[in-house]
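Residue numbers (our numbering), protein chains in the order written: chain E, 1440 to 1851; chain P, 1440 to 1851; chain G, 1440 to 1851; chain A, 1440 to 1851.
Take the hints with a grain of salt, since some may be wrong.
If several chains are the same, the list does not tell them apart, and a pair holds so long as it fits within one copy or across any two.
[Claimed, not checked] The calculated lysine-lysine pairs, modelled on DSSO-like cross-linking and capped at a C-alpha distance of 27 Å, are:
1. Lys-1453 - Lys-1442
2. Lys-1803 - Lys-1453
3. Lys-1738 - Lys-1475
4. Lys-1720 - Lys-1696
5. Lys-1811 - Lys-1712
6. Lys-1747 - Lys-1803
7. Lys-1453 - Lys-1696
8. Lys-1451 - Lys-1763
9. Lys-1720 - Lys-1573
10. Lys-1453 - Lys-1763
11. Lys-1840 - Lys-1807
12. Lys-1712 - Lys-1840
Calculated directly from the structure, the hints in this document are not laboratory data.
Being a predicted model, the structure only gives us computed values, none of them experimental.
Chain by chain, the residues run as shown.
There are 4 protein chains.
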Amino acid sequence: MPKVKDEGLAGKGKDSIEWARAHMPVLSEIARRFLKERPLDGLRIAASMHVTKETAVLMLALRDGGARIFLSPSNPLSTQDDVAAALAEEGIEVYAWRGMSESEYFWAIEECLKADPDFTMDDGGDLTVMAHEKGYAERIAGGTEETTTGVLRLMALERDGKLRYPVIAVNNAETKRNFDNVYGTGQSTIDGILRATNIMIAGKWFVVAGYGYVGRGIANRARGMGAKVIVTEVDPIRALMAAMDGFIVMPMREAAKLGDIFVTATGNSGVIKAEHVSSMKDGAILANAGHFDVEVSVKDLELMSLAKRDLRENLREYLLPNGKRVYLLAEGRLVNLVAAEGHPSEVMDMSFANQALSIEYLVKERGKLPAKVIPVPRWIDSEVARIKLRSMGIEIDSLTKEQEEYLRSWRI
Amino acid sequence: MPKVKDEGLAGKGKDSIEWARAHMPVLSEIARRFLKERPLDGLRIAASMHVTKETAVLMLALRDGGARIFLSPSNPLSTQDDVAAALAEEGIEVYAWRGMSESEYFWAIEECLKADPDFTMDDGGDLTVMAHEKGYAERIAGGTEETTTGVLRLMALERDGKLRYPVIAVNNAETKRNFDNVYGTGQSTIDGILRATNIMIAGKWFVVAGYGYVGRGIANRARGMGAKVIVTEVDPIRALMAAMDGFIVMPMREAAKLGDIFVTATGNSGVIKAEHVSSMKDGAILANAGHFDVEVSVKDLELMSLAKRDLRENLREYLLPNGKRVYLLAEGRLVNLVAAEGHPSEVMDMSFANQALSIEYLVKERGKLPAKVIPVPRWIDSEVARIKLRSMGIEIDSLTKEQEEYLRSWRI
Amino acid sequence: MPKVKDEGLAGKGKDSIEWARAHMPVLSEIARRFLKERPLDGLRIAASMHVTKETAVLMLALRDGGARIFLSPSNPLSTQDDVAAALAEEGIEVYAWRGMSESEYFWAIEECLKADPDFTMDDGGDLTVMAHEKGYAERIAGGTEETTTGVLRLMALERDGKLRYPVIAVNNAETKRNFDNVYGTGQSTIDGILRATNIMIAGKWFVVAGYGYVGRGIANRARGMGAKVIVTEVDPIRALMAAMDGFIVMPMREAAKLGDIFVTATGNSGVIKAEHVSSMKDGAILANAGHFDVEVSVKDLELMSLAKRDLRENLREYLLPNGKRVYLLAEGRLVNLVAAEGHPSEVMDMSFANQALSIEYLVKERGKLPAKVIPVPRWIDSEVARIKLRSMGIEIDSLTKEQEEYLRSWRI
Amino acid sequence: MPKVKDEGLAGKGKDSIEWARAHMPVLSEIARRFLKERPLDGLRIAASMHVTKETAVLMLALRDGGARIFLSPSNPLSTQDDVAAALAEEGIEVYAWRGMSESEYFWAIEECLKADPDFTMDDGGDLTVMAHEKGYAERIAGGTEETTTGVLRLMALERDGKLRYPVIAVNNAETKRNFDNVYGTGQSTIDGILRATNIMIAGKWFVVAGYGYVGRGIANRARGMGAKVIVTEVDPIRALMAAMDGFIVMPMREAAKLGDIFVTATGNSGVIKAEHVSSMKDGAILANAGHFDVEVSVKDLELMSLAKRDLRENLREYLLPNGKRVYLLAEGRLVNLVAAEGHPSEVMDMSFANQALSIEYLVKERGKLPAKVIPVPRWIDSEVARIKLRSMGIEIDSLTKEQEEYLRSWRI
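Kindly produce the complete structure, drawing on both the sequences and the hints.
Set out below in C-alpha cells:
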C-alpha cells in the first residue's frame, strides 16, 4: 500500500509543485506534448528518486504521457512530505516520507519493483541493483540512471556481466552533467551549509574533496562567496586543473589542519576519516555532497567522539577526546537535499527533460537496445539545450552554408 | 511588562545563542573583560535591535558588564522567538515577538524608553527618534546607532537642530561598514532569496539598486553565484565604479524590463514603483535589503494587482492586470533578516564589538561629548580588527622603526 | 638551404630559450632522459610550428633524443627571429623568419618535407596536408598535430579516405586541450590585446565568438580584468553553458552593436563580416585567437574601408564609409602570437611534453598504428600531469585499497 | 634648454597621442572648452609627470587653455621618447628622455622650476619638495599632486610647518583614487609583468604587499588571471578586508617562502629585504608598483648577490649565495610604467580631467586658498564622473523630488 507522512499536506505540496513547474519550461513543454501524444500509454514505471517538487513535475509529466508511476525515494532523508502528499492525491503511487529507517527505505523500493514495472528510473542505483539482485530485472525492458554514482555502479554491474537490461546514463548527458552537477550542486550545497549553520563563508578556509563536475561547481561557488578554497584530488589531471583555476591543491591530511568547512564530492568512501578529524581545528564543519553518506566517515565520528548533540536542525556536534568539537551537517548525507531543497528547479528542468525524453526513447526502441549502460542520444541533448535557451529568451547564431563547408574542408 | 511569544522556546534559543557565541570571538573576549571590570554597573540601556542570536550575545555581554537591558525589536518581522525567550530567561527585559503589528512594535520601543534608560542602542533610528519626539531624550546621556539609514536620519535630526544627546555612528566604523554591510548583507541577502524561492541564480539577470556598501556586497555575491548583474544608481561616481567593476549599469526603467531578480539597497523610498513593475517579465522576483520596507513600493503592488496569494513562506505572488505575475519576498522587508537569519555571527561579532566598546566609551566620556552624531574612535576600530585577525589565526606585519621614519619624511 | 633573418641574434635567442626552459620542467625532465636513452636516434622530423622560445626547447629535446630536425613556421608572422637564429646555431635546420610572404611560407614547409622525414610534427595542418597533396606522405611513418583546427582538418582528410599515415591528435590530450587552449590562450590573448592597444579592459563590452576551450579561457580572463563579457555561439549546449557561467549570450548581429573589443575563437571562417562591422561603434577593436586569419574577414574590411593606416605596431585603423573607425589587431592573425609572445612557457611545457612523448610512442609503435587520427595514450596524459604537479610542489592524495575496492563495487 | 632624446620620433609620438586622446573623452571635452575660454592665459606651469601619451593629452589641453608648460619626468625610466619629441614639436618645453641618470633627472625638474612657474603639477612630490627646498616656492601660487606617495610627503611637509602654497591632492579625488589606483594600476601592473617575463600567472602564488587602493587593484586582477593571491599588510583593518575578500593574509616573512611573483604596493620602503630574499624559492620574480624604487630593496639585492645579468628587457637575474636565482623587474621601479605603458588612457582620462579642472580652480581661487594640502572640490569629482558615464553611453537614475525629501526626513 502506497504511504506518505500526512495527506493533509497536499495543498502546500501543490503550491510548491506549481512554483517548481513555473521554473521548468523545458519539461513543461514536453509534458504538454506527452498529454497530446500519450507515448507512455499503459506502461508502468518504478522510480527511486528524491521526492522533491521538481521530481513531482517529472512524475506528473510521465503520468500525462500515459504511464502509471510507483515512486520510492532515493535517500531516507530527502523526501519533502508535502510534495509526496500532493503526488499521492494526483494518483502517483508514492512510498516515501522524510526520515525513513533503512529497512523502510529498501521496503519502499521493493514495493515499486513488485508493481511489475516496464521501466525503471533510478537515482543512485539502489533500485536497479535491487531489481537485479532480487530477480525483478528479467521482466524489465529498460531504465534510466540520474547520477554519477549510479552510473559507476551500473558500469561495474555491466563489467561483471550481470546487467540484464539497457540503462540510459542520463547523468552523462551534457545538458545534465555540465549543468545539474556543476551549477545545481554548486549552489544548493552552499545553500544547505548556510541553512544548517548560518556561518560566514567569506574569509574561511573551504576544503572541497574532489574536482569532478560536482566539486568544480562547489569550489567555484565557495570562491564566489569569498572563501579561500582548497581542493583535494586523487587524479593528477583534475588536480592540475584545480591548481590552474587558482585553487590551492594539497592532500587531505594537510587540508584537514587548515579547513574551517569541508565538503566531500568524490563518489568514493572514507574521504574524511578519523585520522583527518583528529587533526582538525576546533569548530570544523563537515558536509557531504556526494550521493552516499560514506564520504565523511560517520562511523569514525561515532566511534571516536566522547559525546554528541544536535545544536540546530541538521547540525550535530561531536566532542572529540582532544577537547575539540567538529560539526557534521545532515548526518553526512547529501547536504543540499537534506539541509536545503536540492537543486533549483531550473537545472532539474534540464536533467528531467533528459529523463522524460530518454524514457520515451526506451519505449520506441523497446527490444532493440543492448543490455548495457548507454548514452543519451545526442539529439536529445541538443534539443533540451535549444528549448532551454528559448525559454531564457536567448537567441544564438547558426552556421551559414559557407561556414558548414569551411568546417568540412581540409585543403590549404 | 516584558513579553515574548513562548517562554518554552528558551532551550532552543540557548543552543542557538551558544552557536552564535562560538563564532563571535571578539565580542566574547570583551564580554570576559566586562564581567571582570563591570564598566556598566548600575546603568540602564534601552535597545531597539533585531532580536537575533547575535544580538543576544551582545545583550548578555552588556549585562555581564553590569547593565540592565530593555530590549525591543527594530523590525516587526525579524525577531527569533526562541532567542527572545532565552534572553528573557537570562534576565533581559524583552518586548519582542515575530509578527508584531505596527502599533505593538512602537509600543515595545516606548516600553523600553519608559524604563528611564541612561543610554540608547538603536538600529534604524526608530528608538532615538521616538526618544526625541516623545520627550524621553532629555534624561538620556548618549546612544549608538547601527545602520546607514539610522545615521542618515539622526544627521537630519542634528541638521534640524533637534538632536539632544551624543550618538555614536557605529555604522560608520570601518570594521562595521566595510564588513557587516558588505560581506554580511551580501551573503545573507543571497541566503534569504534562496530560502524564500530556491531558484537558480546562475544565468539570471540580477538587478541591484544602489551601489553603496550594501549594494556592492550583494552585487559581488550575485556574480559569485553566476548571475548577470545589473546595477542602478543615482550617484555618478558610484555608478562609474560599478561599471569598472564589470557590472552593467542602466536606469531602473531599463533594468525593469530585463531583470529576473531585483534587490533594493539604497536607503531611499520608491525605488521600484508601479511604473517599473508594469514593464517587468512574468515571474520577476522583488526583494529589499534596505532598512525600511519602502524601497520596493508595497503600496503600489497592493494597489495595482488583481489578486495575491502566498505560495511559499515569505513568497507572495501578485497578479498584475497585464496577466503577469511578480513575486515579493518577505513583504518587502529586509530579506536577509526575515527570510534568512540575518548576518552571520562572524560579521556581527565586529559590529557588536564596536557597539559594546562604544557604550563603554560613552560611559567614560559621559557629559563630555557634544550632542552630535559622532564617529567611533579610531582606536576602537583598530582594536576590533586586531582581535578579529588573532581569532582567525592571521598574523600580519608591523612597521619597522626605519619604515615609520620613512613614512614621516618628505625629503628627496 | 636553411634560412633565418639574422644569425647575429643567436645570443639573445639563447637567453630567451634559457628563460623558457626554466619554466618548462616537464619537458626538461624528458629531455634529460632523451639525452641518455636516445630514442630518436637517426630519425628525421619535419616540423611546422610557431618558432618561439618554447618550440625551441622542444626542438632541442628532440635533437637530444637523437633526431635531425627540419623546422618551418606555422604562421608567417609568429616567428621570433632571435630564437630562430639560436636554433640554427644549435644545428636545427630552420627555414623561418618573421614576416614571410605566403609563398615563402609554403616554400619553407616544403623544404622540410623534401628532407625525407620519418615523422611530421604539425601545428594547424598545413605541413600534413601538403605532405598528402604533394606526394610526400607515402614515405612518412607518422605525425602529430597540435591544434583544434589541425585535428579537424585531418579528420576531414580521414573522412575523405585520404589520410596516409597515423597522426596523433596531441591537441586532444587532456593535459593539452584543458590547459594550453584554456589558460594559455586565455592569458596570452589578453596580453596581445594590451600590447597592441594599451586600452583599459575594465568596464568595456568584450565580445568572445566561440565558447570552446579557447573561448572559455578568453571569456574568463576578460571577466577577470573587469570586462562585461558577451559570448556568441552556434552550439546550443555551449551557449547554455556560457549563460550559466554568467556571460551574456546573443547573436553576433546584436553583439556587433554593443562591443568595444571583439575576439574570435571559433575555428571557423567569416565570423565577423562586413554586415557586422557596419553596425559597430566608432573605435571598435577586432582581434582573432583562432588558428587562421579568416575568422575576422580581413577581405571584407579591405573592401569596405575608405582608408587604412597603422597607428601602432599591430594596430591597423580602417576608416569606414559611415565615418566610423575600427581597429584590426595583428592583421587578423593569432593575436597572442603576433602581438604578444604566444602561450606562456609553463603551459607549452605540457603541450610539448605530450608532443615529445607522442613522437617517442610513434617510434616504438612504428608500423603498428592505423592511418587514422588517433588519441594520445592516456598514460602519457597522466604522466605529464604527474610530473607537472611535482614541479609545482603540489602533492595529491592517492586511493587507498579500500577506496579502489569501493569504486569497483555495485552492491547496496 | 629643453631636451628630448630624438626629435625624429615626433611623428610616431603624434600617432600615439592621437590614440590616447581617442580614449580620453572627458579630458577632450575639457580641452575643447579650454580652447574657447582660455582660462590659463599667460600662466606658466611647471610639471613633473611621467612623460606618456596620456600626459601629453593633458599638457596639450593646458596649452590649449593658454598656459606655457615646462615638463620634466617623474621617474628616470618612464619617459616615452616619441611622445616627448611630439610634445616638443607642439611647443611644450620638455626636459625628458628615457634612462636619465639621477642627476639628469633632478636637473630636469629644476629647469622647470627656474622657468618661474605660477603653478606646479607634480607626481610623487619631487618637484614640490625641490621647490620648497631650493627657494622657488615663494613665487608659486599653487600646485597639484597626483599620487598617494606625493600626498603623504606633502602632508608631512605641512605637518612640519613648511608648506608654502596650497596643493590640491588630486590623488584623493574619488574619480582618481578609486579608479586610476585600483583599475589602472591593477591592469597595467599585470601588463608590465607579462611583457617583462611572459610567464603564466594561473596557478602561481602571487604575493601583493599592501592592500590600499593600488594593492587591492593588483590583487583582484591577479586573481582574475588565475593566481593564488597572498596579501601582506601592516594595517589590521585592511588586512581583515583582504581576508574577507578571499585572499590569504600572512606576514612577508612567511609569504617569502611561498611566492612565485611578488609585487609591492605600500608606499613604504624596505618591504622586501635581504632576509626575505634569502628564503625565496629559486626563480622568484620581484616587481614594484609603488612610486619609489625602495619597496623592493635593490640595495640589498645588489649587496647579497654573487652575480647578475639581464635575461630580457626589464628582467634582471640575481644569483644568490644559496645557489638560487631571483628576478627583478624594471630595476625595482614602477613596473607598469617601465615595463609596460603605464595606466590605460581611459583611466588617466579621469585623473587628468581632475588635474585640468583643479588647475583651473587654483587660478580662479588664486590668493584665497590656505597653504595646505586641500581636497579636490566635490563638484569637480562628480562632474568628471558624469562626463565619463556619458562618454561610455551609460545613463543613470536621478532622485525624484519625493526621494530627495525622503532622504532629508528623520520622522517615523
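Next on the checklist: When Cα atoms must be at most 27 Å apart, do Lys-1747 and Lys-1803 count as within-copy, between-copy, both, or neither?
Outcome noted: So Lys-1747 and Lys-1803 fail the 27 Å test inside a copy (54 Å) and across (44 Å) alike.
Next on the checklist: Within a copy, between copies, both or neither: which one fits Lys-1453 and Lys-1442 at a CA-CA cutoff of 27 Å?
Outcome noted: within (18 Å within a copy, 37 Å between copies)
Item to check | Alpha-carbon proximity between Lys-1840 and Lys-1807, which holds within one copy, between copies, both or neither at 27 Å | outcome: For Lys-1840 and Lys-1807, the Cα distance exceeds 27 Å both inside one copy (36 Å) and across copies (39 Å).
Next on the checklist: One pair to classify: Lys-1720 and Lys-1696, alpha carbons no more than 27 Å apart. Within, between, both, or neither?
Outcome noted: Both: 6 Å inside a copy, 24 Å across copies.
Checklist entry - How would you label the pair Lys-1720, Lys-1573 (within, between, both, or neither) given a Cα cut-off of 27 Å? => result neither (46 Å within a copy, 52 Å between copies)
Next on the checklist: Within a copy, between copies, both or neither: which one fits Lys-1803 and Lys-1453 at a CA-CA cutoff of 27 Å?
Outcome noted: neither (32 Å within a copy, 60 Å between copies)
Checklist entry - Is the C-alpha distance from Lys-1453 to Lys-1763 at most 27 Å within one copy, between copies, in both cases, or in neither? => result between (45 Å within a copy, 20 Å between copies)
Checklist entry - Between copies, within a copy, both or neither: which fits Lys-1712 and Lys-1840 at Cα up to 27 Å? => result Intra 58 Å, inter 14 Å, cutoff 27 Å: inter-copy only.
Checklist entry - Quick one: Lys-1453 to Lys-1696, C-alpha cut-off 27 Å, is that within a copy, between copies, both, or neither? => result neither (46 Å within a copy, 30 Å between copies)
Next on the checklist: Checking an output row: Lys-1738 and Lys-1475, CA cutoff 27 Å. Within, between, both or neither?
Outcome noted: Answer is neither; intra-copy 51 Å and inter-copy 43 Å both fail.
Checklist entry - 27 Å Cα cut-off: does Lys-1811 pair with Lys-1712 within a copy, between copies, both or neither? => result neither (35 Å within a copy, 47 Å between copies)
Next on the checklist: Regarding Lys-1451 and Lys-1763, is the shortest C-alpha distance of 27 Å or less found within a copy, between copies, in both, or in neither?
Outcome noted: This pair counts as between: shortest inter-copy Cα distance 22 Å, intra-copy 42 Å.
Taken one by one, the earlier hints fail for this structure at numbers 2, 3, 5, 6, 7, 9, 11, listed in ascending order.
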